[in-house]
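The listed protein sequences correspond, in order, to chains X and E.
This note's numbering puts the first sequence at residues 1042 to 1154.
This note's numbering puts the second sequence at residues -14 to 100.
Since the hints were made in silico from the structure, they are not lab data.
Only some residues are given here: those of chain E computed to face chain X with a beta carbon under 8 Å:
no.	residue
1	Leu26
2	Gly27
3	Leu28
4	Gln30
5	Thr86
6	Gly87
7	Glu88
8	Leu89
9	Phe91
10	Gly92
11	Glu93
With a straight-line Cα cutoff of 16 Å, these simulated EDC-like cross-link-like pairs (lysine to aspartate or glutamate) come out:
no.	chain 1	residue 1	chain 2	residue 2
12	E	Lys2	E	Glu64
13	E	Lys56	E	Glu38
14	X	Lys1083	E	Glu93
15	X	Lys1141	E	Asp44
16	E	Lys50	E	Glu64
17	X	Lys1120	X	Glu1056
18	X	Lys1141	E	Asp41
19	X	Lys1110	X	Glu1042
20	X	Lys1100	X	Glu1122
21	X	Lys1083	E	Asp23
22	X	Lys1109	X	Glu1096
23	E	Lys50	E	Glu38
Predicted model, so just to flag it, every value in this text is computed and none were measured.
Just so you know, even glycine gets a beta-carbon here, dropped at the ideal spot from N, CA and C.
What follows is each chain in one-letter form.
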Amino acid sequence: EDQVTQSPEALRLQEGESSSLNCSYTVSGLRGLFWYRQDPGKGPEFLFTLYSAGEEKEKERLKATLTKKESFLHITAPKPEDSATYLCAVQARVSGGYNKLIFGAGTRLAVHP
Amino acid sequence: EAQVTQNPRYLITVTGKKLTVTCSQNMNHEYMSWYRQDPGLGLRQIYYSMNVEVTDKGDVPEGYKVSRKEKRNFPLILESPSPNQTSLYFCASSPRQGRNTGELFFGEGSRLTVL
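Given the sequences, and given the hints that come with them, work out the whole structure.
Written out as structure tokens, the structure is:
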């Protein structure tokens, strides 16, 4: 069964304390892996797409990497404004040519001054 | 401003009273989708639409209906809501087809409570 698991569920960091969030997946026929940021009371906001193992994408203090079984979202020297829930989603090919998107439950990140 | 607009944002209703959550996007996107978000379960797809008059079931379609008569609008209909449909609902659209439909623009969400 296709599955996406994110860890940890919650993470508390001090400002400037770098860390990584994990997204592990088991899907047949990976088409792409996507990272989103979700602020309280808001819809998710798209961050990155990764297509193949070894690929990396960067945006400000965030860097996403991909292996054959997992993806990491590295946060370097985080600031309080990086506090949010980070969602990982995997796109898998299903019958009929449709690409199904499967979301993980997310990691709640809190960065304290 | 490019956006996906959902209404209502908050709704409390009673079991069995039909309701519609509207969704409109102003980006001329072909792909649109509805998700529900529940604690610990992540986002689960209810229905999606690849284009006008083309809709299909997602993972949790029971109790919901959709229609896509115009490109910009994709309403979600609950014919007879039940308490297990209490959830946070998101509409999303994508400018791309195929493998890139994972790059979604989401609305602000509609929090529905069914008593």
